[in-house]
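J.: Protein chains in written order, with my numbering: chain A, 1246 to 1719; chain B, 1246 to 1719; chain C, 1246 to 1719.
Worth flagging that the hints you see were computed from the coordinates, not collected in a lab. One or more of the hints may lead you astray.
No copy is singled out in the list; a pair is fine if it fits within one copy or between any two copies.
To be verified - Subject to a maximum C-alpha distance of 25 Å in a straight line, what follows is the list of computed PhoX-like cross-link-like pairs (lysine-lysine):
id	residue 1	residue 2
1	K1575	K1691
2	K1576	K1691
3	K1576	K1384
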Amino acid sequence: MRYTFNLKTLLLATLLVMPLLFGSIAPVFAQEEAPAAEAAPEEEAGPVDDYLELVESSGAEYAPAFDFFTTSMLWTVIAAALVFIMHLGFATLEAGLTQSKNTVNILFKNCFIISIGLITYALIGFNTHYPGDFNGWIKFGAPLGAGNVDDTWGYGGLSLAMTGYGDFIFQAMFAATAATIVSGAVAERVKLPSFMIFATILVGIAYPVVGSWHWGGGWMGDLNGGNGFKDFAGSAVVHAFGGFAALACVLLLGARKGKYTPEGIKPILGHNMPLATIGVFLLFFGWFGFNGGSVLSAAPGPLGLVFVTTTLAACAGALGAILCSWIVLKKPDLSMTLNGFLAGLVGITANADIVSPAGSMIIGVIAGIIVVLSVIFFDKLKIDDPVGAISVHGVCGIWGILAAAIFEVVPEGGEKQFGIVGQLVGVLAVGAAAFIFSFILFLILKVTIGIRVSEEEEAEGLDIAEHGAPAYNI
Amino acid sequence: MRYTFNLKTLLLATLLVMPLLFGSIAPVFAQEEAPAAEAAPEEEAGPVDDYLELVESSGAEYAPAFDFFTTSMLWTVIAAALVFIMHLGFATLEAGLTQSKNTVNILFKNCFIISIGLITYALIGFNTHYPGDFNGWIKFGAPLGAGNVDDTWGYGGLSLAMTGYGDFIFQAMFAATAATIVSGAVAERVKLPSFMIFATILVGIAYPVVGSWHWGGGWMGDLNGGNGFKDFAGSAVVHAFGGFAALACVLLLGARKGKYTPEGIKPILGHNMPLATIGVFLLFFGWFGFNGGSVLSAAPGPLGLVFVTTTLAACAGALGAILCSWIVLKKPDLSMTLNGFLAGLVGITANADIVSPAGSMIIGVIAGIIVVLSVIFFDKLKIDDPVGAISVHGVCGIWGILAAAIFEVVPEGGEKQFGIVGQLVGVLAVGAAAFIFSFILFLILKVTIGIRVSEEEEAEGLDIAEHGAPAYNI
Amino acid sequence: MRYTFNLKTLLLATLLVMPLLFGSIAPVFAQEEAPAAEAAPEEEAGPVDDYLELVESSGAEYAPAFDFFTTSMLWTVIAAALVFIMHLGFATLEAGLTQSKNTVNILFKNCFIISIGLITYALIGFNTHYPGDFNGWIKFGAPLGAGNVDDTWGYGGLSLAMTGYGDFIFQAMFAATAATIVSGAVAERVKLPSFMIFATILVGIAYPVVGSWHWGGGWMGDLNGGNGFKDFAGSAVVHAFGGFAALACVLLLGARKGKYTPEGIKPILGHNMPLATIGVFLLFFGWFGFNGGSVLSAAPGPLGLVFVTTTLAACAGALGAILCSWIVLKKPDLSMTLNGFLAGLVGITANADIVSPAGSMIIGVIAGIIVVLSVIFFDKLKIDDPVGAISVHGVCGIWGILAAAIFEVVPEGGEKQFGIVGQLVGVLAVGAAAFIFSFILFLILKVTIGIRVSEEEEAEGLDIAEHGAPAYNI
């Protein structure tokens, strides 16, 4: 037997001692805050009793709206779960559209991103994203804590139909998205530790700072003549942010070996189209939470509208991409169709609550056409983006922001709120910030620890080179 | 470099010009209707304020039920999302049960169906499906528009706990199902453009017209002595409709080459059973929305009953299929087990709200047995249905309709509402309509542009032949 | 033609006769109970009318809380659907982490477990799990029936915000989990019929009996000085129960051939890491229902807290496993990362409603470290667990129970409710019961019909040996 008894004993001892060890130090943490007082009701009283007590205690102003608050909060956490599943969508889409020799690496990256994204958002991101009173540009926040907690009205008063934890978890699920978008663009040649450092800083610091300009009450509120920047659920502050970060990284990283040859472009085909399709449908599914949850309540009117516009834009996007790819590429291309869904979804994300169903279809069709042309365009420029992330999230993100101004439905007697110029200023600011921050950070990594695997590792595949295990053994 | 600068410039210019181009024509569409007035609340007022205002303004009759409306509407859109994910279930099930050389084709078809299904349902289907006052047989509707929109009570009054958009999106997710069912049956040899035309017309016209007979207030309301046809969530008007359309298409299309030989039936095995299993579990998951959402509110009693009967029928269906396949085929067959789940689900769909849990288990077991025998039976007849769609949706759809009459729970002091004859008349009418319409339409396509790929293309596989790309590169 | 006309005729006749046959005997079942009286509203009255009537009729005490009840019940059934999808997660995780030649067998087992689990839970489990007044140890219950049914308050009064059917379906989805955990540990060499018998008895009898000690009002209520055993959503009564049942089975079954050789441990790699990753993300997704639904209402405070602690623990678990595996195994291991998510989830399951976000992160990190060490430890002991089920569910289940005592947040002025000793007694009692019951039952199966396939079958793979069909034909 190759393994000594000592190692076995050590492991066993570690397992047994660990709980006791932490038992002695953990109460320090446990006392930090006390959010769970109501969370542990006494056995004899049920939740309905608690509810009645709460309604009574909250006084005349709040009581009638308590049920609305409860339903809205329920929707918020369900929407958070839906956004969570988008990360599986990203993981499978990215894995499906790349080579099988890099699959473990891609899946690992996505597991890491969602994990580090959530944890950093709790430690610093959330209160940086929503800094309260600040200079409009930047204010780093404290970890998620007592100030973010209230079971009912104390957190947001009448202006927010969710608890502090509800607000956190919904926004936290968004946060990792930006890094995930980059992951797809740099796939198949990025060095793992460098990407992990980059992703951590991007999602932990850059994303919430830039996001605070719009959602945190920052300077973007002055755009469009004081009506504010219109970016409903994040075409700019999530998708264009990720897309332009991806562009910066790809420019520094270079194309995969063998893609751009003197004889022309040699497409590197995805290894598993069912996996890619699963990814896109899960992203579509999760987008109901992404956009629907961004209503920030269960208000029936906006909720219905957002579901309809989101769906129709996605479907129109697929049809637009089918049509465009059939004409341009002379065949009905599945991967373009899949990107067409996503293009429509990114395009509607900025404006889902202010356009009509007819408008949403047009936004989607155009997004679907744009994404096909854009993917071809970047390929011509030899900017190698294996999954089309820059086109889907960056270019269509811009389109969504502009579409908000173009397709805004003006109520009778009302007037237009958002203009092309104001919208363009906003999205370019976000894109520039993402690009510059990413370029500098990734450049530092490039000149220090390096950002690209060796040619041998790239040829062998990152699964064996970095993880020592293949994805498939069929 | 093989690509000229001109193409690159043209693409870039197109990308840039497109938004501006549409910016000038789009306002025409944007002004069409103004549903989004309440969707853009002013910054300072939150959703709870809006809610309180709405409750106050809606008057004494409606106010107390507003929370119920809100919760019901929330359930409606969540259910729509669940039904959406069924389309991924169909796509993966169909892909898994067929050969790997046709996988891209199958995935593409499913992407197309959900897209065109949603768009045609918005353009014509919805208001044809729910025509309001009509002759009971057919009335083509206008596109989704102002008449279908109200944030709260104006749409359905006290009789419908959802907004117009909520009603639309839930029903729209159903609509594409019929064409998807056909897709599985004609897989691996159908010509893509013909199928796309067929699917578009089936889902855009035939489905809503036939559906209007039952759900749109049509002639089926006179069945069962005026109690109406009992088809809770669509065993007939969705599943049998799709199953009999599939039967017509398969009869015109013929079997796959090499399946029925002089030496007997040569099974063509599915290429990826994990994919097929993912498909069935996602369909089961989505069925909670399909049946649960068909309660059309969040009323706790019916909702709980429907979840229980739906689940027990599916599970009993799997057990019935396991038992039956083990006896008949001498082995525990996975694909039969998977079809057993679906058989149980189709069987309970007509009656989930009027049977007991015990009844639902019996309905499921019988459906699971039926589907195994039916799959074998159609194979004997040389009717080649790669995924068993005709058996699962057509045959078990009939069974579900009859089961409504057989297992209806009659409340104490009440009397039986639904009879075998009335139910049979209804489901045969639906099946006949689907069959005849599909037969004629597909026949026209056959004699014009053709419905079947060439023998060479079938042998090579549709992925390369029609799409120029394989599904796997492992 | 090899098939005679007689068989064909027989099949057709069977299909046709079956509905009629059952039509004559079924009404016996249908009359058993009448739960669906309100489930079939008259056509003219809509759900809102029904609601108003119900509110009026339920009297002063219940009326104000009716909306809370409705929302809570909606959450309960949605949570049940989320827990359902965990079974797809288990199926794909287990299939992905094992060899491709046993994939059909694994998928079949998982289809069977969910089916038989639901059905037995309806027939005996539910009312054994929640026996009402009993001796604290065991009382077998009747099938799901009239006593479990009420549309609103009659079932649980003010102490439970769900109907009887809602209670049933949520708990039923949990039940099959225990057997599923075992399935992973015995994969690749267990004899199918033996496993099916074992799983049926485990899930139908052992699980609800042991569960009744805690959730059914049994003896565990006396632990912790009368405060009761703290196991919020089942780290012990679901996960440790399954983990220790798995340990017993593996000890009786022995390791897979070729894993432990005189030359050392030869890892048997999983055949499909994307499948395994899909599994873990779906389990994470479903856990929002598992833990979130265990709030047993839509109360906003606890719901938000549970979502946050569950998510942070899972993410911290993955990070802990990445760190630990990188140090110990010298590489960032994907399968360890995946198990890290699950470890964190199992660890938080006992205590998600009484710890702080900071506490949940620590619980998760430790769980992630524990699972890596534990997997290595059991491998050293030559206890062959292909998916790490004993470590994930058994060992981390214990950790979660202890963590409840360690990280419990004590409200200001309150006092600690749960102690290490009381928690340890509880979890060891559950583990011992699961182990002993499983050991005896599996031993009986071993000496009677056998529990292990032949060496030839194991080498060939269970797919061909037991099911006659491979999983892949790519």
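J.: Looking back at the hints listed earlier, which ones does the structure fail to meet?
T.: Violated: hint 3 alone.
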